[in-house]
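Participant: Listed below are the residues making up each chain.
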Amino acid sequence: MNDHAPYKSITLSINSELENISLIGIAVRAVCDFILFNKNDSYNIELSVVEAVNNAIKHAYNSESGHNVEVNISIFSNKAVFQISDIGKGMSSNQCHLNYSCPDFEPDKIETLPEGGVGLHIINSIMDEVLYETVKGKNTITLVKYFKK
Amino acid sequence: MQINEKRIGEILVVRPLEKRIDASVSTGFKGIMIDWINNGNKQIVLDLSEVEFIDSSGLGAIVSSLKTIGNEGDLVICRIRETVMNLFRLTRMNRVFQIFSSEDEAVKALSNRI
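Chains as they are written, first to last, in my numbering: chain A, 1 to 149; chain B, 1001 to 1114.
No wet-lab data here; the hints were simulated from the structure. Among the hints, a few may not be true.
[Stated by the list, open to error] Calculated lysine-lysine pairs in the BS3-like style (CA-CA distance at most 27 Å, straight line): (1) A:K58 x A:K89; (2) B:K1067 x A:K58; (3) B:K1108 x B:K1006; (4) A:K109 x B:K1108; (5) B:K1067 x A:K109; (6) B:K1006 x B:K1067; (7) A:K136 x A:K89; (8) A:K79 x A:K8; (9) A:K138 x A:K58; (10) A:K148 x A:K58; (11) A:K138 x A:K109; (12) A:K149 x A:K39; (13) A:K8 x A:K148; (14) A:K39 x B:K1019; (15) A:K58 x B:K1019; (16) A:K138 x A:K8; (17) A:K145 x B:K1019; (18) A:K39 x A:K145.
Let the hints inform the model, and build the full structure from the sequences given.
Facilitator: Structure follows, in structure tokens:
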């Protein structure tokens, strides 16, 4: 089998409303279960994709309805690739990089606990590769998960 | 958002009936929790047995509830699913919240502090 071409792929598309994200999540989890990721990996991948779609709706589109968010899933012989795309406001590479780490807090000092800003940290902790790029106004975050041997 | 609530002494046991606490319901969930807290419920057990999925905004609502209680009480969690527990570990919130396998244990732990 050619490693460079997916042997199965699907593209899902939603209007930029938070109510639609659960549909993406459920579909992603079903695909992950189908391609034999274990229950925890399937959950984690669903969580990563949901966080990426949350970011697209909240930050790229400022929570405004009427825009398109696309999720492409490609299955290769050794990995699954999830690409979440929007054509809203892009994220600078600096922002993307800085937010990878978990916000600093002290567990016993509740005033230091973060109430948000952990989405990219979650994605980066779960996925094997994360790439963010903007090409001709289209922002795409690519999330790669390799199959365990 | 549908939430089941019951009172055991001074403790409020809250059981969300939604399968998902995500960005579409987290603001509403947080509002309900904060109303309960501001009405004097400072000892809360959050039963997550019905919840199959939580994202970072749902987690943020739970953290916000704990911060609203502050040092006047506590919010503990019980009956969390193993998959949902992943989120707490990834964000190190398993070091913040006390997590119990049953409602009885959670209620007992809070009762001992009153």
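Participant: Failing hints, ascending?
Facilitator: Per hint list: 10 and 11 violated.
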